[in-house]
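*Asks:* With chain F's structure known, arrange chain L on it following the hints.
Protein chains: 2
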Amino acid sequence: MPDSESNKTSINKLGKIGLIDLITDKSKPVNSSTLSVIGDDAAIIDSGKLLTLVSTDLLLEGIHFNLIYTPLKHLGYKAVIRAISDIYAMNGTPHQILISLGISARFSVEQIEEIYEGIYLACEKYNVDLAGGDTSSSLTGLTIGVTAVGSVEKDKTVKRSGAKPNDLICVTGDFGAAFMGLQLLERERRLFEKEKVTQPDLSGSEYAIGRQLKPEFPAEVLTELRNTDIRPTSMIDISEGLSSDLLQICKLSHTCCRIYYSKIPIDYETSKLAEEFNIDPIIPALNGGEDYELLFTIPLEAAEKIKSIQSVKLIGHMTEQGLGNFLVGDDGSEVKLSAQGWK
Amino acid sequence: MPDSESNKTSINKLGKIGLIDLITDKSKPVNSSTLSVIGDDAAIIDSGKLLTLVSTDLLLEGIHFNLIYTPLKHLGYKAVIRAISDIYAMNGTPHQILISLGISARFSVEQIEEIYEGIYLACEKYNVDLAGGDTSSSLTGLTIGVTAVGSVEKDKTVKRSGAKPNDLICVTGDFGAAFMGLQLLERERRLFEKEKVTQPDLSGSEYAIGRQLKPEFPAEVLTELRNTDIRPTSMIDISEGLSSDLLQICKLSHTCCRIYYSKIPIDYETSKLAEEFNIDPIIPALNGGEDYELLFTIPLEAAEKIKSIQSVKLIGHMTEQGLGNFLVGDDGSEVKLSAQGWK
Chain F
0 MPDSESNKTS INKLGKIGLI DLITDKSKPV NSSTLSVIGD DAAIIDSGKL LTLVSTDLLL
60 EGIHFNLIYT PLKHLGYKAV IRAISDIYAM NGTPHQILIS LGISARFSVE QIEEIYEGIY
120 LACEKYNVDL AGGDTSSSLT GLTIGVTAVG SVEKDKTVKR SGAKPNDLIC VTGDFGAAFM
180 GLQLLERERR LFEKEKVTQP DLSGSEYAIG RQLKPEFPAE VLTELRNTDI RPTSMIDISE
240 GLSSDLLQIC KLSHTCCRIY YSKIPIDYET SKLAEEFNID PIIPALNGGE DYELLFTIPL
300 EAAEKIKSIQ SVKLIGHMTE QGLGNFLVGD DGSEVKLSAQ GWK
Chain L
0 MPDSESNKTS INKLGKIGLI DLITDKSKPV NSSTLSVIGD DAAIIDSGKL LTLVSTDLLL
60 EGIHFNLIYT PLKHLGYKAV IRAISDIYAM NGTPHQILIS LGISARFSVE QIEEIYEGIY
120 LACEKYNVDL AGGDTSSSLT GLTIGVTAVG SVEKDKTVKR SGAKPNDLIC VTGDFGAAFM
180 GLQLLERERR LFEKEKVTQP DLSGSEYAIG RQLKPEFPAE VLTELRNTDI RPTSMIDISE
240 GLSSDLLQIC KLSHTCCRIY YSKIPIDYET SKLAEEFNID PIIPALNGGE DYELLFTIPL
300 EAAEKIKSIQ SVKLIGHMTE QGLGNFLVGD DGSEVKLSAQ GWK
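Each protein sequence line maps, in turn, to chains F and L. So the first sequence is residues 0 to 342, counted in numbering that gives the first Met the number 0. So the second sequence is residues 0 to 342, counted in numbering that gives the first Met the number 0.
So here's chain F without its partners, still in its complex pose (with noise of 0.2 Å):
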């Protein structure tokens, strides 16, 4: 099928039906509740009694990634891992993902491949079908539109807003990493792009480059929660940043937050990477975002419970609505903590 010349398909060869053809071929389900894979008009999923969660998340070329370093399986991958961490947000399980793709006409059919290829590999790993989808030519780089589908029981939603003044917040995993292997990767394009430098220099910071091109979601926290019995009152997936997105948990709840400088989880890569760059680890941990990282907050009475988690870190508490949203230093000097801006 390919191309003698360059070893590449190109898709107007194969057509957008042809293309779809390649997809669906490697869509086995494996959940009960998918009743059809791609092919029709809409996704057809049995949700019994439980509820239904949806979500739908772009990501678009130049804004998303950069695809001058971004492997497409890895950007496949990823698109799954932003997709499903929605759902998993709202404690439930992820089922189905529906990927829409909007190719521009330098892509070939094997690069399409690629993306799904990663795609299929996060849907193994997380127990996920693709189970629908589109695709259309784009003039302006490759997008991917890609939607959850997954569910819950009836009483164990958890949404932004249930936190009271005096619950525990609580973190999964650590922070700043994806941003720093951004600004690595970035660094590196930027060498090469000017002085013509082939090798970038990455050793050494293979966990935060990782955490940028290949996220996994700590999925197992959830089980966990589940099995020690606790329930959270409020959560959210990181994907902003742990400031912009613990504020939205504050506003929605209508609290205000208190956490701590010392208590907020920084890889030593981190770290080492944030002093290379001249910045505070602190600021890329609250800022960088794409952390795919769970934040949720606790009943002050499951304090001890949670402890038997080892992969949670308690960072700070919930307070009164009006007292403010603070950073409090090993001091006691407080920052006030803030959004990020439009990115």
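Please keep in mind that the hints were generated in silico from the structure rather than gathered at the bench. Misleading hints may appear alongside valid ones.
Same chains, same label: a pair holds when it works inside one copy or across any pair of copies.
[Claimed, not checked] With a Cα cut of at most 25 Å, we get these calculated SDA-like pairs of lysine to any residue:
1. LYS335 / SER307
2. LYS12 / GLY61
3. LYS250 / VAL108
4. LYS153 / GLY47
5. LYS48 / GLU219
6. LYS12 / ALA338
7. LYS312 / SER136
8. LYS335 / SER103
9. LYS48 / LYS153
10. LYS271 / ARG188
11. LYS213 / THR134
12. LYS48 / LYS155
13. LYS250 / SER9
14. LYS12 / HIS253
15. LYS48 / HIS316
16. LYS12 / PHE325
17. LYS124 / ALA338
18. LYS48 / VAL151
*Replies:* Below, chain L alone, put in the same frame as chain F:
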């Protein structure tokens, strides 16, 4: 809020969360299954005992719309029609939509509001709730990702794959008008760009232009089919083009088809415009696309019953696999039907 100079508010000034607030304020659910509106990670949908249908689409600037002649309000309206038509085409009823916008810096808040005005207008007309979505910045023009969620009784789903030989091929409405409307708008755009003709000559073509810019979907036909107790064996919405979408049904149903030239419904205005552009009106009718009409097949036995639904026309019938797909002329001549290429 608007700048004193230009009467436009920059999106930077409002911020992402401000923008979401602006959109959310107008969101008042009408469907009891809509348990959340915009603001959380995912839409929450109570599916009860029905099947959930989910479809997703991308609308990309320069491919699916040209802002030179597309009013933003119409664009929002069309995005909803495009998404819900996929739910109707499975014999379902749409209940929720989720909208993701990728917005470049040249857009003002007022322009985004215009898009949502159209979205809410269509939502109101078709009893659909805006239940979620996302906004992000874009380097590459306006991108709209739209996901529709609906439901259907378990035994009422109609897929593309159920047609049988001898089934009758039915359509609603007429074909090619949206395509000819687009040709006209494109011609006037070129005149405007090259010769600075600022007053486009669109008189007498209001129907075709309306079909292009602000399409509707014949949802009432599905109710009439239910009331008349006719269950289509296969169904699809005409978005790619009558020929391409019919061939899709044939392929998935393992049938072939014969449709009749004289039976294809074409509006007088479409024919007149086609003549002006020196093309046979059958070309836009078969391959134009964006008609947002229904194409479905019914068993031969339902031939009498279907006559009671005035807006449905019979255009041909299904044949055994291997017999070829043909457009039959008045003189009995046969032309092979072909799907459009990659657009």
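*Asks:* For every hint, state whether the structure bears it out.
*Replies:* Quick rundown of the hints versus the structure:
1. Taking the shortest alpha-carbon separations for LYS335 and SER307, neither the intra-copy value of 31 Å nor the inter-copy value of 69 Å comes in at or below 25 Å.
2. Proximity of LYS12 to GLY61 under the C-alpha cut-off of 25 Å is restricted to the inter-copy arrangement: shortest distance 22 Å between copies versus 27 Å within a copy.
3. In this homomeric assembly, LYS250 and VAL108 come within 25 Å of each other (Cα to Cα) only across copies, at 22 Å, whereas the closest approach inside a single copy is 45 Å.
4. Taking the closest pair of Cα atoms, LYS153 and GLY47 come within 25 Å of each other both inside a single copy (11 Å) and across two copies (11 Å).
5. Taking CA atoms no more than 25 Å apart as the test, LYS48 paired with GLU219 passes inside one copy only; the shortest distance there is 24 Å, against 29 Å between copies.
6. Taking the shortest alpha-carbon separations for LYS12 and ALA338, only the inter-copy value of 13 Å comes in at or below 25 Å, while the best intra-copy value is 47 Å.
7. Taking CA atoms no more than 25 Å apart as the test, LYS312 paired with SER136 passes in neither setting, with 45 Å inside one copy and 32 Å between copies.
8. With identical chains, the CA atoms of LYS335 and SER103 are never at most 25 Å apart, being 44 Å at best within one copy and 30 Å at best between copies.
9. Taking the shortest Cα distances, LYS48 and LYS153 sit within 25 Å of each other both inside one copy (8 Å) and across copies (14 Å).
10. Taking the closest pair of Cα atoms, LYS271 and ARG188 come within 25 Å of each other only inside a single copy of the chain (20 Å); across copies the shortest separation is 55 Å, beyond that limit.
11. In this assembly of identical chains, the alpha carbons of LYS213 and THR134 lie at most 25 Å apart whether taken from the same copy (23 Å) or from different copies (23 Å).
12. In the homo-oligomer, the alpha carbons of LYS48 and LYS155 lie at most 25 Å apart both inside one protomer (13 Å) and across protomers (19 Å), since each shortest distance falls under that limit.
13. In this assembly of identical chains, LYS250 and SER9 lie within 25 Å of each other by CA distance solely across copies; the values are 23 Å between and 49 Å within a copy.
14. With identical chains, the CA atoms of LYS12 and HIS253 are at most 25 Å apart between copies only, with a shortest distance of 23 Å across copies and 56 Å within one.
15. For the homomeric pair LYS48 and HIS316, neither the shortest alpha-carbon distance inside one copy (35 Å) nor that between copies (40 Å) is at most 25 Å.
16. In this assembly of identical chains, LYS12 and PHE325 lie within 25 Å of each other by CA distance solely across copies; the values are 23 Å between and 58 Å within a copy.
17. For a Cα distance limit of 25 Å, the shortest separation of LYS124 from ALA338 qualifies neither inside one copy, at 33 Å, nor across copies, at 37 Å.
18. For the homomeric pair LYS48 and VAL151, the shortest alpha-carbon distances inside one copy (9 Å) and between copies (15 Å) are both at most 25 Å.
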